[in-house]
Amino acid sequence: MFKDLGIKGRVLLLTLLPTSLLALVLGGYFTWVQLSGLQAQLLQRGEMLVEHLAPLAAPALQQQNKPLLERIARQSLEHPDVRAVSFLAAERAPLAHAGPSMLNPVPNDQPGLSRLSGQDATRFLLPVYDQHLALSDDSGDERSAELLGWVELELSHQGTLLSGYRSLFASLLLIVGGLGVTALLALRMSRSINGPLRAIKAGVAQLKDGHLETRLPPLGSVELDELAAGINRMAEALQNAQEELQHSIEQATEDVRQNLETIEIQNIELDFARKEALEASRIKSEFLANMSHEIRTPLNGILGFTNLLQKSELSPRQQDYLATIEKSADSLLGIINEVLDFSKIEAGKLVLESIPFNLRDLLQDTLTILAPAAHEKQLELVSLIYRDTPLALRGDPLRLKQVLTNLVSNAIKFTREGTIVMRAMVEDESADRAQLRISVMDTGIGLSDEDLRALFQAFSQADNSLSRQAGGTGLGLVISKRLIEQMGGEIGVDSTPGEGSEFWVSLTLPKARDDADDLPRAPLQ
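Residue numbering for the sequence shown follows this note's numbering, starting at 280 and increasing by one per position.
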């Protein structure tokens, strides 16, 4: 690299580089020494101040004279760098404080001075004792100390940092000044080669104007002679290079044109492929939607005969086998139902009902179905319905129950301990319609921002490790979102990682006749 530099560059490098390194090292060292000294002085001054305040505040702490302590605290703020002062009782209860709030509490299990340094301030904590002479049960005397309280003092680093910045600024000024002087000397030395450089500049200018016959003479320096020879060779090859460049431009233009044609053909092919994929997806969705009865029928048969076999006389092992078959068939039926519901929604063949139902019964049925799973994990299920919430509504109770069941099931699945609360309230109401908000709040693992972005996407689940343990297709929330949107509502989630999640549904439903509220129902628990 050094050999590739010209004379001027070499002069500047040899003069500025060592000087710069030396100046930076010395400046950094002296600045560090200055900052270390200032920091040590700050700590020493803080210890002296807090040790001075301790005996001064001892009588006031003993009498818990808050006005006197507050006056001492305010007067202490007049000292340089003192940011805040606090006086605490023996049990750490605050008695007086001056200045802004302090850093986090200083842990102090020792009888002496404690210190906690932060980024912006250092905090000192010193116990205040009342020395008195106590007679022991033996013949000798012994000294004992009564803890009267604590003195807290916080010193700001602002003054120390300002002094450090001043030292750093002074060092930088010296460094810049030294480098400036060195640069002037280096430039002065480089003037001796300005003549040959001007000759080279004039020759290059003539070549630029098209005078390719121009040649540079020897310039009296190895480096400059090599440069002149290179310029002369450049002049000889310039015309050939220009012709080759023109040919290359024409060839590149032709290549670009061919590439554009190729890209256009590929875009057309991609568009055809996209349309074919969409058509295949539509056909698949229609096929799955039409196969619902054929797929569910054999599974329902398996479940029915399993129930019949369980009522017969079987050995305990056979009963366990049948329970496993029933559980597996139920899981498979649930997965197939989710896939088929998703396919129906995608194919636009899902039709919603509009029949009267009781909201309280719907919520109670949802929790009753999922109660065994919650009790197995020792979770508490709670249902809250606000008093002003209308209960007689019209809509599709089966699909609404499917959505709520999925939300509560997910809450049970991803909650290790705690409580799951399902809350129903009215947000807005008219004579014939009611806007409801139904939420499911858990104390589970919570969701990160990345999980929230992918939550309502098909075949997607948050926390893959737990999802693999709990199972599922990843379609539950997608189906719930599509169902609520088809009902004209909205579904969302508010979550904090490690604290839990709250899934909510906002839905406007028409009111039913009042007698729909008189349907038999189980008591709410």
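Since the hints were made in silico from the structure, they are not lab data. Be aware that a few hints might be false.
To be verified - No farther apart than 25 angstroms at their CA atoms in a straight line, the calculated lysine-lysine pairs in the BS3-like style are these:
| # | residue 1 | residue 2 |
| --- | --- | --- |
| 1 | Lys790 | Lys760 |
| 2 | Lys680 | Lys623 |
| 3 | Lys692 | Lys680 |
| 4 | Lys656 | Lys606 |
| 5 | Lys760 | Lys628 |
| 6 | Lys554 | Lys628 |
| 7 | Lys623 | Lys487 |
| 8 | Lys554 | Lys680 |
| 9 | Lys480 | Lys606 |
| 10 | Lys656 | Lys628 |
Remember, it's a predicted structure, so these values are computed and weren't measured experimentally.
Quick rundown of the hints versus the structure:
Under the criterion of a C-alpha separation no larger than 25 angstroms, the hint pairing lysine 790 with lysine 760 is consistent with the structure, at around 23 angstroms. For the hint linking lysine 680 to lysine 623, the alpha-carbon distance of about 18 angstroms falls within 25 angstroms, and the restraint holds. Restraint check for lysine 692 and lysine 680: the C-alpha separation of about 18 angstroms stays at or below 25 angstroms, so the hint holds. Pair hint lysine 656 plus lysine 606 holds up; C-alpha atoms about 17 angstroms apart against a cutoff of 25 angstroms.
Annotation: proposed proximity of lysine 760 to lysine 628 holds, straight-line Cα distance about 16 angstroms (limit 25 angstroms). Distance check on the hinted pair: lysine 554 and lysine 628 sit about 21 angstroms apart at the alpha-carbon level, within 25 angstroms; holds. A C-alpha spacing of about 74 angstroms is found between lysine 623 and lysine 487, which places the hinted pair above 25 angstroms, so the restraint is violated. Between lysine 554 and lysine 680 the alpha-carbon distance is near 36 angstroms, which puts this suggested pair outside the 25 angstroms criterion.
Using a Cα cut-off of 25 angstroms, the hinted pair lysine 480 and lysine 606 is violated, with the two alpha carbons roughly 90 angstroms apart. Distance restraint check for lysine 656 and lysine 628: the Cα-Cα separation of roughly 38 angstroms exceeds the 25 angstroms cut-off, and the hinted pair is therefore not satisfied.
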